Structures are given as C-alpha cells and as structure tokens.
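In order, the protein sequences belong to chains A and B.
Using full-length UniProt numbering, the first residue of the first sequence is number 1, and each one after it goes up by one.
Using full-length UniProt numbering, the first residue of the second sequence is number 1, and each one after it goes up by one.
Where hints are given, some of them may not hold.
Calculated lysine-lysine pairs in the DSSO-like style (CA-CA distance at most 30 angstroms, straight line) [unchecked claim]: (1) Lys398/A to Lys388/A; (2) Lys269/A to Lys242/A; (3) Lys353/A to Lys268/B; (4) Lys398/A to Lys263/B; (5) Lys242/A to Lys80/A; (6) Lys353/A to Lys388/A.
Distance windows between CB atoms, simulated [to be verified]: (7) Ser127/B to Gly343/A: 36 to 44 angstroms; (8) Ala66/B to Gly343/A: 54 to 62 angstroms; (9) Ile15/B to Ala113/A: 54 to 62 angstroms; (10) Ala113/A to Phe96/B: 51 to 59 angstroms; (11) His149/B to Pro135/A: 45 to 53 angstroms.
Simulated from the structure, these hints should not be mistaken for lab results.
Since we're looking at a predicted model, the values are computed, not measured.
No residue lacks a Cβ here, since even glycine has one placed at the ideal position from N, Cα and C.
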Amino acid sequence: MTAFDEMHGFTTHTEEANVRVAYEGLRTWLQDTPADLLATRRSQAELFFRRIGITFAVYGEAEMSERLIPFDIIPRVLMKTEWEGVERGLRQRVNALNAFLRDVYGPRECIRAGVVPAELIYRNPYYRLEMVGRPVPHGIYVHMAGIDLVRVDEGTFYVLEDNVRTPSGVSYMLENREVMMRLFPNLFTAHRVAPVETYPDALLATMRSVAPSSAGRDPTVVLLTPGQFNSAFYEHSFLADKLGVELVEGSDLFVTDDVVYMRTTDGPKRVDVIYRRIDDDFLDPLVFRPDSILGVPGLMSAYEAGNVTLANAVGTGVADDKAIYSYMPEIIRFFLGEEPILGNVPTWRCREKEALSYVLDHLGELVVKEVNGSGGYGMLVGPHASSKELDLFRRKLKHAPDNFIAQPTLALSTCPTFVASGVAPRHIDLRPFVLTGTDGVRIVPGGLTRVALKEGSLVVNSSQGGGTKDTWVLDA
Amino acid sequence: MRISIAHDTTYAYAIPARAVVQILRLTPRSHEGMRVMRWRVEVDVDGRLRLGEDSLGNITHTLSLAGPVGGVTVSVNGEVETVDTQGVVRGTVERFPDAVYLRTTPLTEADSAIRDFADGLLADNGSDSLSLLHGLLNAIHREIAFDPHPTEVTTTAAEAFAMRRGVCQDLSHIFIAAARHLGIPARYVSGHFMRNDGVTEQDAAHAWVEAKIPDLGWVGFDPTNGISPADAHVRVAIGLDYLGAAPVRGSRYGGGDERMGVKLTVQKAAQWQAQA
Numbered sequence: 001m002t003a004f005d006e007m008h009g010f011t012t013h014t015e016e017a018n019v020r021v022a023y024e025g026l027r028t029w030l031q032d033t034p035a036d037l038l039a040t041r042r043s044q045a046e047l048f049f050r051r052i053g054i055t056f057a058v059y060g061e062a063e064m065s066e067r068l069i070p071f072d073i074i075p076r077v078l079m080k081t082e083w084e085g086v087e088r089g090l091r092q093r094v095n096a097l098n099a100f101l102r103d104v105y106g107p108r109e110c111i112r113a114g115v116v117p118a119e120l121i122y123r124n125p126y127y128r129l130e131m132v133g134r135p136v137p138h139g140i141y142v143h144m145a146g147i148d149l150v151r152v153d154e155g156t157f158y159v160l161e162d163n164v165r166t167p168s169g170v171s172y173m174l175e176n177r178e179v180m181m182r183l184f185p186n187l188f189t190a191h192r193v194a195p196v197e198t199y200p201d202a203l204l205a206t207m208r209s210v211a212p213s214s215a216g217r218d219p220t221v222v223l224l225t226p227g228q229f230n231s232a233f234y235e236h237s238f239l240a241d242k243l244g245v246e247l248v249e250g251s252d253l254f255v256t257d258d259v260v261y262m263r264t265t266d267g268p269k270r271v272d273v274i275y276r277r278i279d280d281d282f283l284d285p286l287v288f289r290p291d292s293i294l295g296v297p298g299l300m301s302a303y304e305a306g307n308v309t310l311a312n313a314v315g316t317g318v319a320d321d322k323a324i325y326s327y328m329p330e331i332i333r334f335f336l337g338e339e340p341i342l343g344n345v346p347t348w349r350c351r352e353k354e355a356l357s358y359v360l361d362h363l364g365e366l367v368v369k370e371v372n373g374s375g376g377y378g379m380l381v382g383p384h385a386s387s388k389e390l391d392l393f394r395r396k397l398k399h400a401p402d403n404f405i406a407q408p409t410l411a412l413s414t415c416p417t418f419v420a421s422g423v424a425p426r427h428i429d430l431r432p433f434v435l436t437g438t439d440g441v442r443i444v445p446g447g448l449t450r451v452a453l454k455e456g457s458l459v460v461n462s463s464q465g466g467g468t469k470d471t472w473v474l475d476a
Numbered sequence: 001m002r003i004s005i006a007h008d009t010t011y012a013y014a015i016p017a018r019a020v021v022q023i024l025r026l027t028p029r030s031h032e033g034m035r036v037m038r039w040r041v042e043v044d045v046d047g048r049l050r051l052g053e054d055s056l057g058n059i060t061h062t063l064s065l066a067g068p069v070g071g072v073t074v075s076v077n078g079e080v081e082t083v084d085t086q087g088v089v090r091g092t093v094e095r096f097p098d099a100v101y102l103r104t105t106p107l108t109e110a111d112s113a114i115r116d117f118a119d120g121l122l123a124d125n126g127s128d129s130l131s132l133l134h135g136l137l138n139a140i141h142r143e144i145a146f147d148p149h150p151t152e153v154t155t156t157a158a159e160a161f162a163m164r165r166g167v168c169q170d171l172s173h174i175f176i177a178a179a180r181h182l183g184i185p186a187r188y189v190s191g192h193f194m195r196n197d198g199v200t201e202q203d204a205a206h207a208w209v210e211a212k213i214p215d216l217g218w219v220g221f222d223p224t225n226g227i228s229p230a231d232a233h234v235r236v237a238i239g240l241d242y243l244g245a246a247p248v249r250g251s252r253y254g255g256g257d258e259r260m261g262v263k264l265t266v267q268k269a270a271q272w273q274a275q276a
C-alpha cells in the first residue's frame with residue numbers, strides 16, 4: 001500500500017522527486033543543513049523539553065514511568081488553502097456534535113427519527129442519565145474537542161476519532177512551536193507560519209463566554225486536575241499558568257447551597273467555570289463513583305442548579321464513542337442539513353451480524369478498536385499482529401461483538417522525519433483543537449501532529465511510542 | 001394493608017465536621033399497589049433540605065449542613081397503604097425506555113460464573129421471561145445464603161456470587177446481573193419489608209429487584225425472601241444498582257471517624273389510623 005507523502009505526494013521518494021509547494025522551503029533547508037547539525041539541533045530540542053519538564057506518564061508498564069515524548073524537528077506543513085477546507089470541516093463536525101448532545105439529553109429527536117439506534121444511546125455507560133432533561137449553560141456541551149484526522153491523499157482527510165471528553169495534547173502543540181522558534185529562527189523568517197500562541201487567549205475567552213448567567217462580568221475560571229499522578233498533569237499546570245487561572249484539585253473546592261467555592265487565603269471565592277480534566281466518573285462522589293477522592297461532593301447539584309459551568313459538560317462521552325462515531329455522517333446531515341465536509345473512515349460495526357462475520361474473515365487486514373477505548377489501548381492492527389494476538393481478538397470479538405468496531409488499515413500519509421538512519425518517511429496524523437463558546441468556534445491553525453516513529457508503524461499514540469512534530473499552516 | 005415506618009439514621013463525627021452534604025432517597029411515590037398516606041423527612045440540626053428529583057424519577061432531598069457539625073439524625077416517619085398486585089408494579093414514574101435497564105454497572109457486572117449460572121437457568125426453565133425469572137428467584141434464594149458478615153456496600157455481584165452469601169443488596173445485584181445477561185431489563189429497588197413473624201425492629205432497610213416482562217410490565221422479585229412482593233413491601237427508590245437507589249449518599253468535609261446508627265421500625269399501622 002503506497003502512502004501519500006506530505007512532502008512528495010505519491011511520487012517515489014528520491015532526491016529528484018517533485019516536492020509539494022508547501023515543502024519547497026523545507027527541502028532547501030534539509031539539503032543545505034549538514035546531517036550532523038540536524039543531529040545537534042535534535043539533541044538541543046531534547047534538552048529544551050527536559051528543562052521545561054514536559055513529560056508524559058505511561059500506564060500499564062511494570063512501574064509507571066515518566067517519559068519524554070520524542071519530538072521531531074522536521075515540521076509538518078499545510079498550505080493555508082488546504083487548512084481552510086479542514087477548518088470548515090472541523091467547525092461543521094463540532095457543531096454537529098454539540099447539536100447531537102443537546103438532542104440526546106433533550107428531546108431525543110435523532111433517536112425517534114432512527115438516525116442512531118436507541119440502544120446504542122441508552123445502553124451506553126457514557127450516556128449520563130443524570131444529564132437528561134437538565135440543560136447546560138448556553139446549550140454548549142463540547143467546549144474543547146481534539147479531532148483526530150488522517151490524510152490519505154492530496155484532497156482527503158478522514159476523521160479518525162472525535163475526542164470530546166477531556167482531550168489532551170495542546171500543550172505539546174504550544175511547546176513544539178516554542179522550541180522550533182528557538183532552534184530555527186531563520187526558518188520562521190523564511191516562512192509565513194500562522195501563529196498558534198493565541199491558543200491560551202482563545203481558550204480563556206471561550207471559558208469566560210460560557211459562564212452561567214449568575215456570574216458577574218469577570219467570571220472566575222479554574223482548572224480542575226486529578227493531581228500530579230495523572231498522566232497529563234504537566235499539561236494541566238502548563239495551561240493553568242498560560243491562562244492565568246488557578247490550578248485546583250477537588251479538595252481545593254467545596255459546595256455550599258449549590259454554589260461552588262474555592263478555598264483561598266482571602267477566604268472562599270465563588271467559582272463560575274471549571275475547566276475540568278477529571279473524568280465524569282470521578283467528579284462527584286455523591287452521584288458517580290462513591291470512592292472518588294478526586295472530585296467535589298455536591299458539584300453535580302451545583303451544576304444542575306445552573307450555578308457553575310463544567311467544560312466539557314458531563315456526559316459528552318456518548319458522542320465520541322466509536323460506535324456512535326460510525327453514525328456521524330448521518331448525524332451531520334440530520335442536524336445541519338449539510339453533507340459532511342470531512343469524511344469518516346469506513347467502519348464495520350461488529351454489533352451487526354454481517355459486519356462481524358466480515359471482520360472475523362478479514363481480521364489480518366483490519367484495524368479493530370474497542371468502542372470505549374482510547375489512547376491506542378485495546379486495539380488490534382491486523383497486518384502487524386502476531387497469530388496469538390489475532391486469536392485473542394477473534395475470541396474477544398465473538399464474546400462481545402458490541403464492544404468493537406473495525407476499520408480498513410489506512411495508508412496514513414507520511415512526512416519526512418529525522419530518525420537514526422537519517423531523514424525517512426514516517427506515518428502521521430493531526431489533532432486540531434476546536435474551541436466552542438457562546439461567541440462561536442475558534443480553531444488555531446494546525447494542531448498537534450503525531451508521528452509513528454517506528455518504520456511502517458501506524459500507531460501514533462504517545463502511549464505507544466509515538467512522537468510529535470510542529471505543525472505549520474503557511475500563508476502563501 | 002397499612003404499614004407505618006419510623007426510620008432514624010444517625011451520624012456521629014469524632015471531631016465536628018466543617019460541612020456535611022448528603023443526597024437522600026428516602027421518600028416513596030405512590031403507585032397502583034401503594035398509596036403514600038403521610039411521609040416526613042426531618043433532620044435534627046439547622047440546615048437546608050432541598051426537595052428534588054433524580055433522573056430516574058426518585059424523590060430526593062439534598063441536605064447541606066454548614067459546620068461545625070458534631071452529628072446529625074435524619075428521621076423518616078411515614079405511613080402507606082398497600083394492596084397485593086401479585087408483584088406487578090404499575091403506575092410508576094418511568095423516565096427512560098427499558099434499554100437503560102440492560103446496562104451493566106460495576107456492581108452488577110456478570111462475570112463468567114454468573115453468566116454460566118444464568119445460562120443454566122435457560123436449560124431448566126426455557127426462554128419465557130416469567131418462568132426464567134421465577135427460576136432465577138428460586139435459585140438465588142436457595143443457593144445464596146443470607147449472611148451480613150462477609151459483604152460490604154461495595155461488594156460486587158460477582159464477589160458475592162463467588163462467596164455464595166450476602167445481604168439483600170448482594171442477592172439483588174446477583175439477580176440483576178443474571179437477568180440483564182439474559183437480556184431482561186432489571187433494576188434495583190430500595191425500600192422496606194414488613195416481616196410476617198411479628199418482629200418490627202429491623203437493622204437495615206430492605207432491597208429487591210424489578211424486572212420487565214413483556215405483556216406484564218415491571219414485576220418485583222425479592223430474592224432474599226424468595227417471593228414476589230405482595231402487600232408487605234414498601235417501594236421507595238429505584239436504581240441501576242444500589243448506588244442509584246441508595247437511601248443516603250453523603251460526604252463531609254473534616255469530621256474524622258464517623259459512626260452510623262440505624263433505628264428502623266416497620267409495623268402494621270395502629271387500628272385507629274387505619275380507620276381514620
């Protein structure tokens with residue numbers, strides 16, 4: 001399977017090959033820079049990241065370890081015209097996701113109309129019954145989305161996943177840019193790269209716009225973290241710092257008479273908006289997991305009373321469930337009356353009998369994913385799987401087909417990447433970050449490009465050894 | 001039958017708590033088999049008791065107490081009139097389609113032992129819901145011993161099933177896990193049971209199950225007593241599992257160790273009240 005290369009398109013990968021216009025400047029740079037200088041810059045980049053302390057905890061290893069996500073110094077580049085199409089698609093997608101959530105927690109018209117099967121909603125553990133019939137401030141459920149895109153040719157980006165619970169990675173987007181600008185200032189004088197540094201301002205403006213009506217002109221926003229043992233804690237403290245808001249843990253907040261307060265040295269201070277990086281299950285021990293010590297007792301009562309905004313809203317997980325994902329094109333048509341701008345990866349729903357038998361027959365060619373999994377855990381990449389892994393998934397699929405979807409192994413686009421053997425193509429994806437407030441949708445140009453550093457690998461997740469790149473959107 | 005209930009739950013804190021917040025599901029709604037004649041929920045300290053309703057339609061009180069709180073007693077006093085409907089429960093508040101009650105929850109997940117147990121019933125009872133559920137009721141009542149010692153409120157259906165013992169909560173969870181595995185919507189009911197042996201003082205509230213049967217609707221099954229509720233059960237709240245129907249879910253800021261005491265009297269209402 002030949003993959004589309006971001007630099008060379010479909011032409012063979014040779015020195016003389018044509019270079020796509022977005023990469024002309026980078027080609028010259030790569031040709032003119034001696035390999036040992038690139039290597040030096042790369043170790044400098046690593047040093048920067050170590051100094052910043054940007055790490056990522058990896059679960060599932062014998063000892064949970066803090067790891068540096070490998071950073072690749074060759075940027076991924078999109079022309080503004082390419083990006084504009086993607087951006088339109090993202091806006092459409094997130095508007096549809098919000099409309100879908102308003103509906104399933106409200107009138108449920110899409111269920112009645114048969115757009116999505118009722119039992120996929122009602123039996124979904126992420127469909128929070130507590131949220132049904134309880135409007136959220138301003139009707140916005142997804143304030144922050146990280147939509148994973150993959151590219152398969154010049155004009156085709158597919159949505160791989162909608163991450164609308166507590167998407168992470170935006171700190172890497174910001175740090176990658178900062179490090180690139182420090183290492184290669186000349187590249188930024190030679191290219192008109194759209195800025196991403198505006199993200200924290202955009203995020204704060206979004207948060208403030210969705211404050212409940214009871215809040216004053218200057219709403220208090222906090223970032224609620226599960227604490228330093230969480231894999232994304234670095235990002236939480238980084239963002240709180242950039243936003244200029246308090247980083248709090250559950251024990252820093254309390255609820256009295258359905259109002260949330262933060263303990264401060266000046267006494268209790270009312271909190272209006274909580275950018276929460278804690279999963280629904282842990283938010284309030286009186287409503288969700290009673291053993292949670294990360295949350296705030298009574299928070300859901302305050303939320304139901306309309307006295308605080310949670311961002312994202314509780315219950316968004318029903319929208320990024322991988323089984324619901326497969327209905328997104330229908331969801332977009334139903335709520336917006338438009339054709340989807342960004343396509344879905346063709347998906348077999350293993351809950352359907354014929355789909356399941358097809359998947360079982362073609363397991364070696366397919367990617368199988370758990371409906372509620374994330375981060376590349378519980379996933380099978382057929383062409384790269386051992387016969388033992390294939391057998392395991394065959395058993396899993398037969399036992400609980402509802403828990404799985406399958407997709408063709410896509411030829412994700414590749415991008416030149418600096419690896420041990422020199423510069424070589426590696427598969428990449430793109431996670432743009434989409435913000436939704438009462439004043440509209442904001443997207444900083446680009447997003448986070450993740451790269452599978454192993455040759456031929458299609459798994460870009462940082463928990464599975466993926467790295468990241470700076471992502472440029474070029475003003476021609 | 002008229003049943004009166006007096007139910008005090010007392011919390012005492014080793015050191016005064018800075019604040020207490022509790023969600024109470026202690027108030028029943030009337031339905032075809034039961035009329036709520038009078039009902040009161042009170043607390044013995046100053047605080048706010050806000051009336052509400054949860055997503056499944058249970059009546060809730062949210063209790064907020066500002067500290068220092070040395071302790072609190074939540075008192076329920078009420079009386080209902082019940083009629084025997086052969087276990088069929090009609091006229092209840094229904095907020096969701098049945099599919100919701102097919103969800104598994106951490107407390108009601110069927111492990112392979114419960115799945116095998118449930119599948120075994122299919123062989124003995126056929127696939128008709130009603131006979132299947134009666135088979136399940138009898139099997140649990142027969143095979144799972146009532147024993148308050150080995151289990152706690154956090155014990156899962158699978159854990160209790162492995163021990164073959166538990167309290168009404170555990171037996172109900174096992175029933176629910178098995179029923180849902182068989183594709184039958186099932187839910188947890190918390191409430192009270194008037195014993196027929198003359199004992200009126202009880203250690204704890206009761207719990208049982210409702211399962212949805214085509215053509216009949218929701219039908220109660222009490223695996224602890226091995227019966228379907230007749231007129232001795234007082235239905236208070238429903239949930240996907242214990243957590244959703246729990247009489248009290250609470251939390252406090254500070255307060256050190258907590259001691260909880262329950263005083264519960266379930267008895268036939270006095271004659272003069274019945275005639276009133």
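Now for the hints, and whether the structure bears them out:
Of the supplied pair hints, the one linking Lys398/A and Lys388/A holds, its CA atoms being roughly 16 angstroms apart against a limit of 30 angstroms. The suggested pairing of Lys269/A with Lys242/A holds, with an alpha-carbon distance near 21 angstroms, which does not exceed 30 angstroms. Annotation: proposed proximity of Lys353/A to Lys268/B is violated, straight-line Cα distance about 55 angstroms (limit 30 angstroms). Proposed proximity of Lys398/A and Lys263/B is contradicted: the alpha carbons are some 50 angstroms apart, above 30 angstroms.
With a C-alpha separation of about 27 angstroms, the suggested pair Lys242/A and Lys80/A falls inside the 30 angstroms cut-off, and the hint holds. Taking the CA atoms of Lys353/A and Lys388/A, the gap is near 24 angstroms; set against the 30 angstroms cutoff, the hint holds. For the pair Ser127/B and Gly343/A, the supplied restraint of 36 to 44 angstroms holds, since their beta-carbon distance comes to about 42 angstroms. Between Ala66/B and Gly343/A the Cβ separation comes to about 55 angstroms, which falls inside the hinted range of 54 to 62 angstroms.
Remark: the range hint 54 to 62 angstroms for Ile15/B to Ala113/A is upheld by a beta-carbon distance near 57 angstroms. Take Ala113/A and Phe96/B: their Cβ atoms lie about 18 angstroms apart, and the range 51 to 59 angstroms is violated. Checking the proposed 45 to 53 angstroms range against His149/B and Pro135/A shows it holds: the Cβ atoms sit about 46 angstroms from each other.
Violated hints for the displayed structure, listed by number in ascending order: 3, 4 and 10.
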